[in-house]
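**Q** Listed below, chain by chain, are the residues.
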Amino acid sequence: AQTVTQSQPEMSVQEAETVTLSCTYDTSENNYYLFWYKQPPSRQMILVIRQEAYKQQNATENRFSVNFQKAAKSFSLKISDSQLGDTAMYFCAFMKHRSPGANSKLTFGKGITLSVRP
Amino acid sequence: DVKVTQSSRYLVKRTGEKVFLECVQDMDHENMFWYRQDPGLGLRLIYFSYDVKMKEKGDIPEGYSVSREKKERFSLILESASTNQTSMYLCASSFWAGGRETQYFGPGTRLLVL
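Chains Z and P, in that order, give the protein sequences.
Residue 82 in our numbering sits at position 51 of the first sequence, and the numbers go up by one each step.
Residue 925 in our numbering sits at position 95 of the second sequence, and the numbers go up by one each step.
Keep in mind the hints are simulated off the structure, nothing from the lab.
Just so it is clear, the structure is predicted and the values come from calculations on it, not from any experiment.
Mixed in with the good hints there might be a few duds.
Unchecked claim - Derived list of chain P stretches under chain Z, where covered just means 3 residues or more per stretch with a C-beta under 8 angstroms from a C-beta of chain Z:
1) 871-880
2) 918-926
3) 935-941
What the hints assert, rightly or not - The list that follows gives simulated cross-link-like pairs (lysine-lysine, DSSO-like), each with its CA atoms no further than 27 angstroms apart:
4) Lys-127(Z) <-> Lys-883(P)
5) Lys-127(Z) <-> Lys-885(P)
6) Lys-843(P) <-> Lys-127(Z)
7) Lys-141(Z) <-> Lys-109(Z)
8) Lys-141(Z) <-> Lys-887(P)
9) Lys-141(Z) <-> Lys-901(P)
10) Lys-101(Z) <-> Lys-86(Z)
11) Lys-848(P) <-> Lys-127(Z)
12) Lys-883(P) <-> Lys-141(Z)
13) Lys-885(P) <-> Lys-833(P)
14) Lys-127(Z) <-> Lys-887(P)
15) Lys-883(P) <-> Lys-833(P)
Using N, Cα and C, we set each Cβ at its ideal position, and we do this for glycine too.
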């Protein structure tokens, strides 16, 4: 079974600064996907970024980037130039690679609450 | 844009009542999921469905059942609601596309069982 650990329950950052959210996971799989999801106070969960385990290059989406360390089973999210709209709960999640017709499911961490201070 | 809707944002029910939570997606997704979200516990999978009339138990299925009669609709049923089922319930849908599967979430239903 897979486990996802987010050890920091809360973080705070000043607007325009950079913040890094940590995530570690445990799996015996070699092919898998990792995700960061954002849940703003309005509660709609949205995908921030995804990483395929077979790719060595770290994923980037505008101000969001990851530091994926496969050997260490670490997957941190860096938010650059933080904005007030980044205030949200962030969840790290893991999914095994699957073939068509097979089943897959996400395993989530417990989440971290990020507050961006004006 | 993918749209996942849930029938209620807030719901208050009495212990012992039968409760239906409805979820509809408009993108012809094969897979649909029900999670519950509790503070300090993150999201936990209750049930999921990978096709019409197909369902599989997730990590915490006890006390719940599901129904998927049509591809776009996935219902979560609490046969006899209990206070420990007070929670936020999130529905999600996804499809497999060459390995790039992404789950899309609904806005959630906050259920209070008195």
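**Q** Which numbered hints turn out to be false for this structure?
**A** Per hint list: 6, 9, 11 and 12 violated.
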